[in-house]
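Participant: The primary structure of each chain is shown beneath.
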Amino acid sequence: MTFLDIKDVSKSYGKVTVLHDINIAVDEGEFLVLVGPSGCGKSTLLNMIAGLEEITAGSMAIKGREMNGVHPSKRNIAMVFQSYALYPNMTVAENISFGLEMHGVPKAERLAAVRDVSGMLQIEPLLERKPSQLSGGQRQRVAMGRALVRNPDVFLFDEPLSNLDAKLRVDMRTEIKKLHHKLGSTIVYVTHDQIEAMTLSTRIAVMNGGHIQQLGTPKEIYDNPANMFVASFMGSPSMNIFPATIREKGSALGVEISVGLGADKKHLKLIDGGKRAKSELHNFINKDVLLGIRPEAITDPDGADRNAQIIELVENVVDVTEPAGSDTYVVSHLGGQEVVARMRADAVVKPGEGAVFALNMDRAVVFDPKTEQRID
Amino acid sequence: MASITQDTAINTGRVSRALIYLFLLLFAFYYLLPFGVMVLNSLKPLDEILSGNMIALPTSWTIEPWLKAWSTAQVGIEPTGLAPYFWNSIKIVVPAVTISTLLGAFNGYVFTKWRFKGDTILFGLMLFSCFIPFQIVLIPMARILGMTGLAGSTGGLIFVHVIYGIGFTTLYFRNYYKAIPNELVMAAQIDGAGFFQIFYRIMLPVSGPIIVVCVIWQFTNIWNDFLFGASFADFDSQPMTVALNNLVSSSTGVKEYNVHFAGAIIAALPTLLVYVIAGRYFVRGLMAGSVKG
Amino acid sequence: MSSYSKPDMTSRVQSILPKIVLSPSLFLILIFVYGFILFSTVLSFTDSKMLPSYDFVGFSNYVKLFGLRHWSIALTNLVIFGVLYIVICTLLGLVLAIFLDQKIRGEGFLRPIYLYPMALSFIVTGTAWKWFLDPGIGLEHTMHQLGWESFAFNWIKDRNMAIYTVVIAAVWQTSGFVMAMFLAGLRGIDNQILKAAQIDGASNLNLYRRIIIPQLRPAFLSAFVILCHLAIKSYDLVIALTNGGPGRATEVPSTFMYSYTFARNQMGIGASSAVIMLLTIASVIVPYLYAELKENKHG
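Protein chains in written order, with my numbering: chain Y, 1 to 376; chain R, 377 to 669; chain S, 670 to 968.
It is worth saying that the hints were derived from the structure and are not from the lab. Among the clues, some could well be false.
[What the hints assert, rightly or not] Selected chain S positions facing chain R (Cβ under 8 Å, derived; list incomplete): (1) Pro687; (2) Ser709; (3) Ala788; (4) Ala821; (5) Trp824; (6) Asp905; (7) Leu947.
Computed from a predicted structure; not experimentally measured. C-beta atoms are modelled at their ideal positions from N, C-alpha and C, and glycine is treated no differently.
So that you can see chain Y by itself, here it is in the shape it has in the complex (with noise of 0.2 Å):
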């Protein structure tokens, strides 16, 4: 049985519709995250599983129960807030027995809950104070708390790492990670953060205007997008996108690019002839495609990998270099646009001079220029 099961969910705000057929099964123990730019319907789902929100069409099942008109607090659901939304009044300890004091829970193992709970997150010497008192990342946890105490089926995040500053964020979501491995609960978390999506779930649905554009796990997201939408979102320096044909040489297929910013051509091949039947790229021969590849899977020639099957080596001109420390992003011009490779720190490249750029065949991938989809 699935454990939330979202089925044909469609919202919409009079004849505004803001949510699209989402079908999203999430197993028990799964870690599912909704990621997006602002506007793209993200909390407004989130909010539906809450039941603070109604749903327009479609259904909502928790446990295979239908949560359809459900109250929020018969859902047994939790959720922690962008802004944590600690109750000012009250302390720590307040805060976090307050929602089972709602629900009857007598005093004696609401103390006990209260105990448990904060010595899990390590905040029982901030017990007794105010939520005015407390650091950003102290009401993170409380906020935690406030959810974890409820042992409910499905933890709900909204963007609660946004308010935090950089170093805290990544301290904080190690630290979900691992409550999410200790407690093995259902979470489904909302951010617009694409690192955090990557590095928390289990699986990524992407969202954009409503729909979702892919559902998958992080490497799925990754290495094949479905569109272009969700590669240029996922992955940071973003993914390579530029125009190219589809060619034929020999038994292979191959895209043919332009190099920096004269009129070369190149051909890079793209898949041998044995895997050539399988693929829909003969549908395109000649035609002018989109070819996407990430900066990591160009490099300098020493840096390139090993395994891989195909490796294509350009020469271009180097436009910027951009040293940071671990890696070297070294900018270029393929196919009329400008491309970002990540090379080696200690790479011999300088601005204005030639470079052989070493470019990964194998993690490519092709668009359709007019529908955005990925071409397989």
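Add chains R and S to chain Y, keeping to what the hints say.
Facilitator: The following block gives chains R and S in isolation, referenced to the frame of chain Y:
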């Protein structure tokens, strides 16, 4: 306006500053003079007022006018002084302030945290009621109070003041609660708290400042009201303001100015006291009355 | 409310409760404000005298109203009083606020002095000023006593000048409030803008004229709306200060309504004067409220 003098970027020359101080002090004088003169002359025996001038200090200080104003002056039919009317005002003000504040709190809560279709229009209707000239409701209200037997009673006046205060109190609480994040209510709903529980456990505890503002504002307005008191009270239930006006405007006999002044100051004391003690909240109340969206 | 999902009991109760809680106030307001307005309006079209009658006479009350000399006096007085009151209060409040904003020592001392009259009942104010302005006892008498024999200030007894005494007393009462509003507005202006203008070479006068005062527009608007509404409603002050006198020289619509309805038993005419008062206020308030609340709808 809890802010202290802010550092402005403006600089003024010495002569201009002197002129500014002069202007400000002149006007301080303008504001203090009438009241100060009243206080001064309330402590003089009557012949000094009639023979002397109003700025002269009393040669013989006396509190007799005050005693007279309080307990023996001829206000209505009996020479009871203003005391019974003072208590009338208290009997009206306390319940009226309490009830209208309570209603305003709930209304503000509903309008900000439990939005529904059309609530803006309803709020607008309530708001507009703050601005109507009360003359437009005098006639029907007089009829209704007469028909229900509430005419001339304290209860009737309380009723009137509550109704026409709801608009203001709702406005205050609504503006205040608007600033409380809605996520608090959402979290409480998930926690299982209901409408009233959220109000008592979460909204009310942080409502201190606005309750003070609301109470002060309502108290001042209702205590100082004259029109409703004059229209709907009879001799026994008249509030202080009406009694004062009767005292001061009586055209028979000798005008005992000193008693009049003492009476006026007694009438003004409660609200002035409130202003002195909680002036900061008073100002906040004036400011909060602006219909900021 | 979507027709798709059927809310459970808890949800239904929780969504009904707010409306139930709101209803008493709404009910009261609907009946005792809007219902009454309707009632008075209807009355204005009848020939009610001492008691309401329901014989309709069309607009004849209004025709009679505008033919009455007392009403013309009342309207004229309202205009004179209203314009002077609003203009002087605004100017005075603005000037006081600007001066107080100049890093004045003792500002905390001066501000409450300017504001305290707001805490007083109009009756108290009227009493204080009535006496102060009385030629036999107040200012004129005092000046004579101090040696300035020719000083004359008997406006309050002068038919033509009495209305101006109402202005003086009303300004005394409310200008502090206007000052407080402007002061808050001034304090809300970003200092960095001022510094930038000074670097650009603006003199203090220009600074105020071109930058600061335009930024006070919301305060001007609020002050105008509130003063307007106070001017039209002013009843207590006139009663206490002059009782509409001398004779009827300081009659204003609010006193007119009261005397015609309750003293002269001309309820129909009284009601029509109240309706006119309402319409006048509404013409200012309704657009203001509409503009302010428009943003609320999308909230």
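Participant: If a hint holds in the structure, say so; if it doesn't, say that too.
Facilitator: Hints versus structure:
For Pro687(S), the suggested interface contact is upheld, since its CB lies about 4 Å from the closest CB of chain R, less than 8 Å. Interface hint at Ser709(S): satisfied, since its Cβ lies 5 Å from the closest Cβ of chain R, which is below the 8 Å cut-off. Look at Ala788(S): its Cβ gets to within about 4 Å of chain R, closer than 8 Å, so that hint holds up. Hint status for Ala821(S) relative to chain R: violated, with the closest Cβ pair at about 16 Å, above 8 Å.
Below 8 Å, beta-carbon pairs count as interface contacts, and Trp824(S) has none with chain R, the closest being about 15 Å; its hint is therefore violated. For Asp905(S), the interface hint holds, the least distance from its beta-carbon to any beta-carbon of chain R being 4 Å, beneath 8 Å. Hint status for Leu947(S) relative to chain R: holds, with the closest Cβ pair at about 5 Å, below 8 Å.
The structure does not agree with the numbered hints 4, 5 stated previously, though it agrees with the rest.
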